[in-house]
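J.: Chain V is fixed; fit chain W onto it per the hints.
There are 2 protein chains.
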Amino acid sequence: MKILVIGSTGTIGRAVVNELNDRHELILAGNKSGDITVDMNDIQSIIKMYKNCHPLDAVIVTAGAIHFAPLTAMTSELYQIGLNSKLLGQVNIVLQGLKYLNEGGSFTLTSGSANRDPYKQGSSPAMVNGAIDGFVRGAAIELPKCLRINAVSPSILTESMKDFADYFRGFKPVPAEEVAIAYSKSVEGAQTGQIYSVGELFLK
Amino acid sequence: MKILVIGSTGTIGRAVVNELNDRHELILAGNKSGDITVDMNDIQSIIKMYKNCHPLDAVIVTAGAIHFAPLTAMTSELYQIGLNSKLLGQVNIVLQGLKYLNEGGSFTLTSGSANRDPYKQGSSPAMVNGAIDGFVRGAAIELPKCLRINAVSPSILTESMKDFADYFRGFKPVPAEEVAIAYSKSVEGAQTGQIYSVGELFLK
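Chain order of the listed sequences is V and W.
Position one of the first sequence corresponds to residue 2 (this note's numbering), numbered consecutively onward.
Position one of the second sequence corresponds to residue 2 (this note's numbering), numbered consecutively onward.
Derived by calculation from the structure, the hints in this document are not laboratory data.
Every residue, glycine too, gets a C-beta built ideally from N, C-alpha and C.
There could be a bad hint or two in this list.
[To be verified] Here chain V is said to cover these stretches of chain W; the calculated rule only asks that three of the stretch's residues, wherever they fall, bring their Cβ under 8 Å from a Cβ of chain V: (1) 120 to 126; (2) 129 to 143.
[Said to hold, decoys possible] Listing some non-contacts, in silico: residues in chain W with all C-beta distances to chain V over 12 Å: (3) Thr12; (4) Asn22; (5) Ile28; (6) Leu29; (7) Ala166; (8) Pro176; (9) Glu178; (10) Ala191; (11) Gly200.
This is chain V alone, in the form it adopts within the complex (with noise of 0.2 Å):
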């Protein structure tokens, strides 16, 4: 498969490529680097990578700002931030990716467990990750040319945790290795409207 990597260069991103290098023809898009550079908020910068590297078979989303803070130090502002960037930004891209992708074709985007399994700070990435789930479920009923959505929704990384390990005590941390995989069910499986929860400890 031809398969666009948006965000290839973080933690996640990486781990992505190694997962899927060897079977797949990869297309490494970022803001500032990789194989076509991408703003997410730019209609006409998405076009622009579409145009450069269509037809798809799978688009995979792994970028995304977001902002933490207490609850009482939030504003409708600070939590624009987020809407903006990790969701609005992610749903450009399914939205003006729709044309360029193969009959049968992917989207994988990334959320995060804070909507079910909330952690102080983390008010912005629980309302986020809560409205991205939801975009993939009521997207995957809409899809044209049987094309699929799913998220990929993981606790917090291993390699998080020498930053943030003071947020997240109690949570089991999952390496971005493992993460991978889940982006791999997406792409090379068939489900479509499902959130993929990896490592959380407590399911409910």
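T.: Leaving out everything else, chain W in the frame of chain V:
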């Protein structure tokens, strides 16, 4: 209890007022009518509302607009309608209300079932309701003063079927009167961080 009900003229809002009116002192707020008018996207308007009616024991929000359209007709801008109104409008009511609620008081927001049980033209409600549910779970663990927060997440209302039945074939509509019971559970109970799903026929 002294309870502020924002959106008291809608189908759910009226049922909530009927449910709680005999037992509590209600203050009704709306964007155009009510005891107090408020614009949920204007922080100064929200502060003015709270200053005119605090201290409060509970705040209920049953207001917020959202855009319904096929996925292929959606854009970032159309998703922003629901994110700004139904999501951030309710979030603003919570953030600004923290200091005007009595110890142990509660916020009860309104989401909807689309993020668990999607329907055609519902990718925006699926996104926004998922975001509200996530925010409620994330915020619940960080609220000061033993404040509580829950969301009521109704399926399609019996009262809405005359206009929207074609989008909700196979759904069992729920009367607003029954949905209102969930608001009572949130306000008069002691739970927090809960999403009260009402009327969903096929629970996962």
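J.: Hint by hint, note whether the structure agrees.
T.: Right, here's what the structure says about each hint:
Interface restraint, the segment 120 to 126 of chain W with chain V: holds (7 residues with C-beta to C-beta distance below 8 Å; minimum three). Given a C-beta distance limit of less than 8 Å, the hint that chain V covers the segment 129 to 143 of chain W holds, as 14 residues qualify and 3 suffice. Every beta carbon of chain V lies more than 12 Å from that of W/Thr12, the smallest distance being close to 22 Å; the non-interface claim holds. At roughly 31 Å from the closest C-beta of chain V, the C-beta of W/Asn22 stays outside 12 Å, upholding its exclusion from the interface.
At roughly 24 Å from the closest C-beta of chain V, the C-beta of W/Ile28 stays outside 12 Å, upholding its exclusion from the interface. Interface exclusion of W/Leu29 from chain V stands, the closest Cβ pair being 24 Å apart, more than 12 Å. With a closest Cβ-Cβ approach of about 18 Å to chain V, W/Ala166 is found to remain outside the 12 Å limit, as its non-interface label requires. Distance check for W/Pro176 against chain V: the nearest CB is about 25 Å away, which clears 12 Å, and the non-interface claim stands.
The non-interface label for W/Glu178 is consistent with chain V: the shortest C-beta to C-beta separation is roughly 27 Å, beyond 12 Å. Every C-beta of chain V lies more than 12 Å from that of W/Ala191, the closest at about 19 Å, which supports listing it as non-interface. At roughly 18 Å from the closest C-beta of chain V, the C-beta of W/Gly200 stays outside 12 Å, upholding its exclusion from the interface.
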